[in-house]
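Trainee: Residue numbers (this note's numbering), protein chains in the order written: chain A, 1 to 250; chain B, 251 to 447.
The reader is advised that the hints may include incorrect statements.
[What the hints assert, rightly or not] Under the rule of at most 30 Å between Cα atoms (straight-line distance), these lysine-lysine pairs were calculated in the DSS-like manner:
#  : chain 1 : residue 1 : chain 2 : residue 2
1  : A       : Lys7      : A       : Lys65
2  : A       : Lys7      : A       : Lys47
3  : B       : Lys302    : B       : Lys336
4  : A       : Lys244    : A       : Lys148
5  : A       : Lys7      : A       : Lys21
6  : A       : Lys47     : A       : Lys21
7  : A       : Lys21     : B       : Lys302
8  : B       : Lys333    : A       : Lys55
9  : A       : Lys65     : A       : Lys187
10 : B       : Lys305    : A       : Lys65
11 : A       : Lys9      : A       : Lys65
12 : A       : Lys21     : A       : Lys65
13 : A       : Lys65     : A       : Lys55
14 : A       : Lys9      : A       : Lys21
15 : B       : Lys333    : B       : Lys305
16 : B       : Lys333    : A       : Lys47
17 : B       : Lys333    : A       : Lys187
18 : A       : Lys142    : A       : Lys55
19 : B       : Lys336    : B       : Lys305
20 : A       : Lys65     : B       : Lys333
21 : B       : Lys336    : A       : Lys47
22 : A       : Lys244    : B       : Lys336
23 : A       : Lys244    : A       : Lys142
24 : B       : Lys333    : A       : Lys244
25 : A       : Lys7      : A       : Lys55
26 : A       : Lys55     : B       : Lys305
27 : A       : Lys187    : B       : Lys336
28 : B       : Lys333    : B       : Lys302
Hints are computed from structural coordinates only; laboratory data are not their basis. Computed from a predicted structure; not experimentally measured.
This is what each chain is made of:
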Amino acid sequence: MVCESWKEKLDSYVDGEVSEKEMRAFDAHLRSCPSCSADALTRAQMKRAIQVAGKRFTPTVEFRKRVQQSIAPKPQRSFRLGWMLAAAAAAVILVVGTFTSAYLGTRSGRDHVFSEIADLHVATLASSSPVDVISTDRHTVKPWFQGKIPFAFNLPELQNSEFSLLGGRMTYLDQTPGAHLIYDVRKHHISVFVFQERSLPARIEENTFSPKKMPFNMETWSQGGLRYFVIGDASPADIDSLAKLFRAAS
Amino acid sequence: MFYHVGVSGADLQPDSFEELAMPLFDQLYNFARWLTQNREEAEDLVQETYAKALKGFSSFRLGTNFRAWMYRILRNTFLTSRKGLKVTTTVALDAEEEGSEVAVERDTPETLLFERSNRELLQAAIDELPVYFREILLLCEVEEMSYQEIAETLSVPIGTVMSRLSRARASLSDRLRPQLQQGSGAPAIAKGTNHGL
Chain A
1 MVCESWKEKL DSYVDGEVSE KEMRAFDAHL RSCPSCSADA LTRAQMKRAI QVAGKRFTPT
61 VEFRKRVQQS IAPKPQRSFR LGWMLAAAAA AVILVVGTFT SAYLGTRSGR DHVFSEIADL
121 HVATLASSSP VDVISTDRHT VKPWFQGKIP FAFNLPELQN SEFSLLGGRM TYLDQTPGAH
181 LIYDVRKHHI SVFVFQERSL PARIEENTFS PKKMPFNMET WSQGGLRYFV IGDASPADID
241 SLAKLFRAAS
Chain B
251 MFYHVGVSGA DLQPDSFEEL AMPLFDQLYN FARWLTQNRE EAEDLVQETY AKALKGFSSF
311 RLGTNFRAWM YRILRNTFLT SRKGLKVTTT VALDAEEEGS EVAVERDTPE TLLFERSNRE
371 LLQAAIDELP VYFREILLLC EVEEMSYQEI AETLSVPIGT VMSRLSRARA SLSDRLRPQL
431 QQGSGAPAIA KGTNHGL
């Protein structure tokens, strides 16, 4: 049979598994051979039919969630993550430290505050127990601060946002007590600091600030006598979103 | 506690596994369901595949084919399961390793089938195929894997992929023929053919 050798390779041809040269030869042969071209068409149609019929089952949303949760890195159980975070934080401290000492002479009070905030953020994340109140519930975290800091503030509702609250702790900036909250967004940790404006050592004019020589994104503003700082290695857009949520809640 | 600070020798970020593996979730589940023919077993199989893959992720060489690696884990897990052992012991793949002749000519029931869009009939026929035929057809047609990828997934040479695929297709045609003859009465499908099986 003249077409025998072509037919043998028809599957490879239809599967796109022949070389470009063979493909051209095949095309030429198919144009002149009704038997082979009908056969090729049949096989291609069958391929298509199986492809359609084969996409038959879809997993449930619950099952997908279950598997995703089972493979997602879990901070409370992950030694590896903790270690990496500590290593990253140590590196950041080095960078910040270098930056801080290099600019020590010219640093203004305002820069000093920003550096302190960055240090607090890094040092806290490097700690083995970064938060003192562990809760994703703002209604638990907010009352925890009662009696610990000399002011009250509101925490935003995070439903339908990508952020999750990990917890909070008390903090000090130049002997001024304040609140430090830690949020998570796509595995990045963002710190939110809240202090009384009048207790801060320097007057901060800007409402936003993107430190050029710091490996962080930061946003700060004053609202209701309180000074907020949102800082982290997340994208500026994420920092801004979280800041907006806080502004809206206050 | 929030974080434990510990020391680990592994150097691949765990979240990169998630990023690589989750996009394959739907198709792996579909494949698992075809293999097990049972929803619960398919879920168990997928769950176990992800657990094994996560555990073995440090042994996965970046730059090699992750999809084939995942399918291989899923398939090996299935084949060593009770059900897998049961279905594979009844299947003989004799002669294919010598590269037995490939199907030379095909009839046209497929065309009719396609025209009638009888998807369920086709699904039932695929379900009836021996597992080695079923899986290779799905990898080729549904997952659109290249012969090379299929060879990696099944851990067989490319020649075996080609001959097994050809036999799977012929076997499927054989199964479809009587049903289509029954339904359509079209004369074109009565043509006798040697499928090389």
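Trainee: It remains to establish, for every hint, whether it holds in the given structure.
Mentor: We went through each hint and held it up to the structure:
Only pairs whose Cα atoms come within 30 Å are accepted, and A:Lys7 paired with A:Lys65 is rejected, the gap being roughly 47 Å. Of the pairs offered as hints, the one joining A:Lys7 and A:Lys47 holds, with about 16 Å between alpha carbons and a cut-off of 30 Å not exceeded. A distance of roughly 22 Å separates the Cα atoms of B:Lys302 and B:Lys336; the hinted pair therefore holds under the 30 Å criterion. At most 30 Å may separate the alpha-carbon atoms for a hinted pair to count; A:Lys244 and A:Lys148 meet this at roughly 26 Å.
The suggested pairing of A:Lys7 with A:Lys21 holds, with an alpha-carbon distance near 17 Å, which does not exceed 30 Å. For the hint linking A:Lys47 to A:Lys21, the alpha-carbon distance of about 23 Å falls within 30 Å, and the restraint holds. Taking the CA atoms of A:Lys21 and B:Lys302, the gap is near 42 Å; set against the 30 Å cutoff, the hint is violated. Taking the CA atoms of B:Lys333 and A:Lys55, the gap is near 22 Å; set against the 30 Å cutoff, the hint holds.
A hinted pair counts as satisfied when its Cα atoms are at most 30 Å apart, and A:Lys65 with A:Lys187 qualifies at roughly 17 Å. Between B:Lys305 and A:Lys65 the CA atoms are separated by roughly 19 Å; this keeps the pair inside 30 Å, and the hint holds. For the hint linking A:Lys9 to A:Lys65, the alpha-carbon distance of about 44 Å lies beyond 30 Å, and the restraint is violated. At roughly 47 Å between alpha-carbon atoms, A:Lys21 and A:Lys65 are farther apart than 30 Å, so this suggested pair is violated.
Between the alpha carbons of A:Lys65 and A:Lys55 the distance comes to roughly 21 Å, so the proposed pair stays at or under 30 Å and holds. Pair hint A:Lys9 plus A:Lys21 holds up; C-alpha atoms about 14 Å apart against a cutoff of 30 Å. Restraint check for B:Lys333 and B:Lys305: the C-alpha separation of about 24 Å stays at or below 30 Å, so the hint holds. Of the pairs offered as hints, the one joining B:Lys333 and A:Lys47 holds, with about 28 Å between alpha carbons and a cut-off of 30 Å not exceeded.
As the CA atoms of B:Lys333 and A:Lys187 are separated by approximately 39 Å, the hinted pair breaks the 30 Å bound. Between A:Lys142 and A:Lys55 the CA atoms are separated by roughly 49 Å; this puts the pair beyond 30 Å, and the hint is violated. Distance restraint check for B:Lys336 and B:Lys305: the Cα-Cα separation of roughly 27 Å lies within the 30 Å cut-off, and the hinted pair is therefore satisfied. Proximity of A:Lys65 to B:Lys333 is assessed by CA-CA distance (about 26 Å); at most 30 Å being required, the pair is judged to hold.
Of the pairs offered as hints, the one joining B:Lys336 and A:Lys47 holds, with about 29 Å between alpha carbons and a cut-off of 30 Å not exceeded. For the hint linking A:Lys244 to B:Lys336, the alpha-carbon distance of about 59 Å lies beyond 30 Å, and the restraint is violated. For the proposed pair A:Lys244 and A:Lys142, the alpha carbon gap of about 18 Å is at most 30 Å, so the pair holds. Restraint check: the Cα-Cα separation between B:Lys333 and A:Lys244 comes to about 55 Å, which exceeds 30 Å; the hinted pair is violated.
Between A:Lys7 and A:Lys55 the alpha-carbon distance is near 28 Å, which keeps this suggested pair within the 30 Å criterion. Proposed proximity of A:Lys55 and B:Lys305 is supported: the alpha carbons are some 29 Å apart, at most 30 Å. In summary, the hint linking A:Lys187 to B:Lys336 is not supported, as the alpha carbons are separated by about 43 Å, beyond the 30 Å threshold. Proximity of B:Lys333 to B:Lys302 is assessed by CA-CA distance (about 19 Å); at most 30 Å being required, the pair is judged to hold.
Violated hints, in rising order: 1, 7, 11, 12, 17, 18, 22, 24, 27; the structure is consistent with all others.
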